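Okay, here's what each chain looks like letter by letter:
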Amino acid sequence: AQSVTQLDSHVSVSEGTPVLLRCNYSSSYSPSLFWYVQHPNKGLQLLLKYTSAATLVKGINGFEAEFKKSETSFHLTKPSAHMSDAAEYFCVVSASYNTDKLIFGTGTRLQVFP
Amino acid sequence: GAVVSQHPSWVICKSGTSVKIECRSLDFQATTMFWYRQFPKQSLMLMATSNEGSKATYEQGVEKDKFLINHASLTLSTLTVTSAHPEDSSFYICSAPGAGGPGSYNEQFFGPGTRLTVL
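In the order they appear, the protein sequences are chains A and B.
Using this note's numbering, read the first sequence as starting at 1 and increasing by one per residue.
Using this note's numbering, read the second sequence as starting at 1 and increasing by one per residue.
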C-alpha cells in the first residue's frame with residue numbers, strides 16, 4: 001500500500017533562511033508524489049508534482065523537491081523563506097497508478113519568524 | 001486555474017438534524033469528485049469518491065448511510081451528513097481532478113472546505 005511520512009510536524013525558520021520539509025514515501029510501484037499547501041481559510045493548492053519525468057521538480061513560489069528513489073524521499077525545499085510561506089504543507093502520494101485518489105501525509109506546519 | 005467552491009463555508013446544527021454540503025466545479029466538468037474529512041491540526045482523510053451518474057464508493061470504515069453522497073451533474077456533488085452528532089463535527093473538503101482521466105497525474109483542485117459544528 002502507498003503511504004507517505006512527514007518527519008516533522010512543525011518547522012520554524014527565520015525569514016530569509018532556507019526551508020526544508022521532509023517526506024518519505026512507501027510505494028509498491030513508481031509513485032506520483034505531490035506537495036500541497038494549505039493556508040487558513042483557503043483551499044489546498046498544488047505546489048509541485050513528481051511524475052517520473054525529472055527527479056528535481058520545481059514548483060510555484062520558489063519551492064522545489066527532489067525525488068530520491070534510493071532514500072525513498074521527496075523533501076521540499078526553498079532557498080529563502082518568506083513570511084507568506086507560513087502555512088500547513090502536505091506531502092501526498094497517489095493511491096495507485098490508475099486512480100486520482102490521493103493519500104495525504106500528516107502535514108507539517110511551517111512558521112516563519114521575522 | 002480551475003476553481004472548486006463549497007457551500008456553506010460553515011454550518012452549525014443541532015444533534016439529530018441533517019446537513020447538506022455542496023461542492024461545485026465552477027469552470028470545468030468533473031465526473032469524479034472526492035470528499036475528505038479533516039480533524040483539527042490533522043491530515044485529510046479520504047471519505048469517498050463521488051461518481052457522476054452512479055453510486056459513490058466509500059473508503060473502509062466510512063458509514064455510507066451516515067454520509068450520503070449524490071453527484072447529480074458534471075459540476076455538482078453533495079454530501080449530506082444525516083442525523084448529525086457532535087462527533088461528526090469536522091472540516092469537510094471536496095476536490096475534483098483535472099482533465100486527463102485517472103492515473104494521468106493531473107492536479108486536483110480543492111474546495112475551501114466546510115466547517116461543521118454539531119451541538
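One should not assume that every hint holds.
Listed next, with one range per pair, are the computed distances between beta-carbon atoms [to be verified]:
no.	chain 1	residue 1	chain 2	residue 2	range
1	A	Thr55	B	Lys41	28 to 34 Å
2	A	Ser70	B	Trp10	42 to 48 Å
3	A	Lys58	B	Gly16	48 to 54 Å
4	B	Leu26	A	Ser52	28 to 34 Å
5	B	Val3	A	Met83	35 to 41 Å
6	B	Gly16	A	Thr5	47 to 53 Å
7	B	Gly53	A	Thr55	37 to 43 Å
8	A	Gln111	B	Lys64	38 to 44 Å
9	B	Gly61	A	Pro79	38 to 44 Å
10	A	Leu56	B	Thr117	17 to 23 Å
11	A	Leu56	B	Gln42	28 to 34 Å
12	B	Thr117	A	Lys58	22 to 28 Å
13	B	Pro86	A	Ser70	18 to 24 Å
Here are the computed lysine-lysine pairs in the BS3-like style, where the Cα-Cα straight-line distance is at most 27 Å [said to hold, decoys possible]:
no.	chain 1	residue 1	chain 2	residue 2
14	B	Lys41	B	Lys55
15	A	Lys101	B	Lys41
16	A	Lys68	A	Lys42
17	B	Lys66	B	Lys41
18	A	Lys42	A	Lys101
19	B	Lys66	B	Lys14
20	B	Lys66	B	Lys55
21	B	Lys64	B	Lys41
22	A	Lys49	B	Lys66
23	A	Lys101	B	Lys14
24	A	Lys101	B	Lys20
25	A	Lys58	A	Lys42
26	B	Lys41	B	Lys14
27	A	Lys42	B	Lys41
28	A	Lys69	A	Lys42
29	B	Lys20	B	Lys66
30	B	Lys41	A	Lys49
31	A	Lys69	A	Lys101
32	B	Lys55	B	Lys20
33	A	Lys68	B	Lys66
34	A	Lys58	B	Lys64
Just so you know, these hints were derived from the structure itself, not from any lab.
This one's a predicted model, so the numbers in the text were calculated from it and none came from an experiment.
Ideal Cβ placement from N, Cα and C applies to all residues, glycine included.
Here is how each hint holds up against the structure:
no. : hint                           : result
1   : A:Thr55 x B:Lys41: 28 to 34 Å  : holds, 32 Å
2   : A:Ser70 x B:Trp10: 42 to 48 Å  : holds, 46 Å
3   : A:Lys58 x B:Gly16: 48 to 54 Å  : holds, 51 Å
4   : B:Leu26 x A:Ser52: 28 to 34 Å  : holds, 31 Å
5   : B:Val3 x A:Met83: 35 to 41 Å   : violated, 26 Å
6   : B:Gly16 x A:Thr5: 47 to 53 Å   : violated, 39 Å
7   : B:Gly53 x A:Thr55: 37 to 43 Å  : holds, 40 Å
8   : A:Gln111 x B:Lys64: 38 to 44 Å : holds, 39 Å
9   : B:Gly61 x A:Pro79: 38 to 44 Å  : holds, 42 Å
10  : A:Leu56 x B:Thr117: 17 to 23 Å : violated, 43 Å
11  : A:Leu56 x B:Gln42: 28 to 34 Å  : holds, 30 Å
12  : B:Thr117 x A:Lys58: 22 to 28 Å : violated, 40 Å
13  : B:Pro86 x A:Ser70: 18 to 24 Å  : violated, 47 Å
14  : B:Lys41 x B:Lys55              : violated, 31 Å
15  : A:Lys101 x B:Lys41             : holds, 22 Å
16  : A:Lys68 x A:Lys42              : violated, 31 Å
17  : B:Lys66 x B:Lys41              : holds, 24 Å
18  : A:Lys42 x A:Lys101             : holds, 21 Å
19  : B:Lys66 x B:Lys14              : holds, 16 Å
20  : B:Lys66 x B:Lys55              : holds, 15 Å
21  : B:Lys64 x B:Lys41              : holds, 25 Å
22  : A:Lys49 x B:Lys66              : violated, 34 Å
23  : A:Lys101 x B:Lys14             : violated, 32 Å
24  : A:Lys101 x B:Lys20             : holds, 23 Å
25  : A:Lys58 x A:Lys42              : holds, 22 Å
26  : B:Lys41 x B:Lys14              : holds, 24 Å
27  : A:Lys42 x B:Lys41              : holds, 15 Å
28  : A:Lys69 x A:Lys42              : violated, 32 Å
29  : B:Lys20 x B:Lys66              : holds, 12 Å
30  : B:Lys41 x A:Lys49              : holds, 24 Å
31  : A:Lys69 x A:Lys101             : holds, 22 Å
32  : B:Lys55 x B:Lys20              : holds, 17 Å
33  : A:Lys68 x B:Lys66              : violated, 42 Å
34  : A:Lys58 x B:Lys64              : violated, 40 Å
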